[in-house]
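Enquirer: As a plain string of letters, each chain reads:
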Amino acid sequence: MFKLILLIIKDIFSKKYVYIFLTAQLFIAIIALNFSIAIFNSVFYLKHLVNESGVIQGTYFYPNIKYSQSDGAEIKEKLSQLGGIGEYGSVNELYGKLNSDNTIIKTLVADKIVLNKSKLPLVKGNWFNTSLEESNYIPIIISYSLRNLFELNTKYVYRIFPDYGGSDSYYDITIKVIGILNKNNYAFDLSGSNLETMIKKNYDGIIMPFNENIMSGYSMKYNRGVFIFPQSNMSIQNIEAKINENLASYGESVLVKNLLKQYEDAKMQIMFLTASLGILVLIISTAGLGGNNMLSILANEKKYALYYMCGATWSKCIMMTIIKDLIILSIPLVLSCGFIEIISRFIPQELFTTNIIYLIMSISICLVIFLITSVGSILSIYKKSPVSIIRKWV
Amino acid sequence: MSYISLEQIDKKYNINTAAEVHALRGVSLEINKGQFVSIVGPSGSGKSTLLHIIGCIDTATGGRYMIQDKDLSQINNKELAEIRNKKIGFVLQEFGLILNNTSIDNVSIPLMFSKTKLKDIKNKAYDTLKKVGIEDLAYKKVNQLSGGQRQRVAIARALINDPQIILADEPTGSLDQNTSMDIIKLLMELNEDGRTVIIVTHNIEIAQMCDRIVTIKDGMIMGE
Ligand SMILES: Nc1ncnc2c1ncn2[C@@H]1O[C@H](COP(=O)(O)OP(=O)(O)OP(=O)(O)O)[C@@H](O)[C@H]1O
Ligand SMILES: [Mg+2]
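Protein chains in written order, with this note's numbering: chain A, 1 to 394; chain W, 395 to 618.
Same shape as in the complex, but just chain W:
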């Protein structure tokens, strides 16, 4: 049994309305622990939808989704929240940071919802920023940072609870070539530490650096 297993995953938006969209049609995918997978495909093909379902921030309307033999279609909101908190680190497209807050405050957010003691939060957040190489920006507000620096803050936040799965939706989407490569290298380092990393990308060069490329079109997997 694989680490992450999707069986016939279906996702419809606006069910039973005129605007119904069938975003994913019977997607089946097996991902092993420690793999570095890229998901590619044309715009609107369902890449983000798939990543959101894997990241437990969205739920499928059909099929079965399991992590480590645990069926996530069967568990309640609280357990799902815990999985988002501990097992999964999500890096959103366009970073998804609170611009008005400092890097360290942004990075600390997952610790606020975990069992971490209040006095340990700062140290842990600082250590994580160090891991992604921007500890000297800890007390700068995010809106004063560059795109690459912001992406590192977003990755640090995804990392802070030491999750086994890192998901990133177009992590290099708005970055220049050099910065993109730095970010991919950072993700590869995390992968070398044993984490499973799944990214969505439009960049073929980056996709080719991964262990696996999954191509998706019209909500269906077209091949690898």
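If we strip away everything but chain A, and leave its shape as in the complex, we get:
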């Protein structure tokens, strides 16, 4: 057996360029597959997340300039007079930083009502708990990108700039990290005035609840927008229409459902482009992989007929082909796992996301292609009689 493996390895070395090429193809195919799966998945996953969350049942009220700088008391007053509205909660976006580090961190501040309805998956820790009413610190969730800056379950002094870029005023508050978001995620980006781009993939920043006890004294203008939810017997479309009718001078309201739709429309084109590119590379690489694998196996039939003539049974020759196939296969598998692991650390996650499931899927698809073409060509050799190969050849 050891001798046979040696013979196989010698075989591989004698045609090393063919096998290097094949290995490279397999490798590219795995990367391309991972890439395509990741792109598709990220769009669908984001949709799924928003759809699953409670915010999809709401409408978003976007105050105009005048009111977005206020504490929102007037808007709230108006809303409570409308009727049919169940709950509502404000959201705002601020900037802050740690004392120990100069990184300016985007900070999403939201009322607990909103946070409770938009529970996001975490890699570690827990989502905000309704009963989590602390008076001396604010629990926060950090994005995956900030995982090296913060430690879970640790308290920090956090300096927030309610009017970053406008004035230098700041407040120091104590925060405690209670969770880390999944790598692949979304959040509402409130910094722009463009509602179409409000839903953002792969949020990079902090999410924190608005805490009356700690923050109300800081004249916090957190009223950048309001998520409004209907009473259980009311339709959200009606509420939206009503708001747009009665609060027109304060701002405009858009259904979260439509925000998602706008997001999709805005992203789909670029997603489609990237995905088609990925799929193109994928098709070329997998077709090439299958074809070359087949050719390289078939090119060996002479050799195996010779082995047969020199004293191997035909089934032993076929077994050698299979072992050789597995050896060729294992190299790019190990390589691509390593490579994907490394590049996923250096390439921004908007460009390349991976996880063990994508990798397993990509590898499985490549395996299937490789094995189908292998089995096909090995069977076609097996069915021939060695003497007919010898005859054709000499």
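Honestly, the hints are just simulated from the structure, not real lab data. It is possible that part of the hints are untrue.
[To be verified] With a straight-line cut-off of 25 Å between C-alpha atoms, the simulated PhoX-like cross-links for lysine-lysine are: (1) A:302 x A:392; (2) A:15 x W:534; (3) A:47 x A:119; (4) A:3 x W:481; (5) W:472 x A:383; (6) A:316 x W:509; (7) A:392 x W:525; (8) A:15 x A:384; (9) A:316 x W:511; (10) W:480 x A:15; (11) A:242 x A:117; (12) A:10 x W:406; (13) A:78 x A:97; (14) A:200 x A:261; (15) A:76 x A:47; (16) A:384 x A:302; (17) W:481 x A:316; (18) W:524 x A:3; (19) W:516 x A:316; (20) A:201 x A:117; (21) W:406 x A:15; (22) A:302 x W:472; (23) A:176 x A:112; (24) A:10 x A:302; (25) A:124 x A:76; (26) W:481 x W:525; (27) A:10 x W:518; (28) A:302 x W:509.
If you're wondering where the values come from, they're calculated on a predicted model, not measured in any experiment.
Go by the hints and put chain W with the ligands onto chain A.
Expert: Frame of chain A, contents of chain W with the ligands only:
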């Protein structure tokens, strides 16, 4: 009883199809140990087919084939493989070598499928190359060798497990006159060592150098 005995050997290709070919029709042949036999006949008469059956790389569709009283129609693939490995050395038409590999690697192949220890393979292959006079070409790739040198590599490979039977299908087919004679002399030396040698040839001069000439036509033995 002869060393090699063929009784009413029949070989059909593509049985029960429109393309059925009756390549051998009731061939009976007895060959004694240590004989040097040549098989001659027109193209398509079944010479190669006969040699392939004797060499156990093909099987007959009828009749009985025995080596040393052992009926080869009764044994399994594994035993047949062992016979190909140990008892028979086959020299293919056009050499049948892996061109991209060195001479020594080509010659070593039968040892890979025998019980030879890994560490002995190189020495044994080298010694065999020496026997056919091309030990200095051991580490050259076959595609850099001349026709006569390639044929010596092919003969060395056939010899390496010290088989008692050497079969060669047109061993001089593509060689010039001088080289052909060298190769035949080499085969005769092997025959003088006591091996049974059977060759297929078109060359009458070479055939006449053998102990026996078997003429075959339309799959039947026409005479000696
Ligand atoms: N695999 C095959 N399928 C069908 N017919 C075959 C096959 N192999 C050989 N034949 C036929 O069997 C007959 C004998 O062929 P064989 O090769 O034994 O002849 P040969 O005497 O060696 O001829 P040559 O001198 O040209 O080498 C021929 O008619 C050939 O066409
Ligand atoms: Mg022939």
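Enquirer: Hint by hint, where does the structure go against what was stated? Just the numbers, ascending.
Expert: Those not satisfied are hints 7, 10, 12, 13, 15, 21 and 25.
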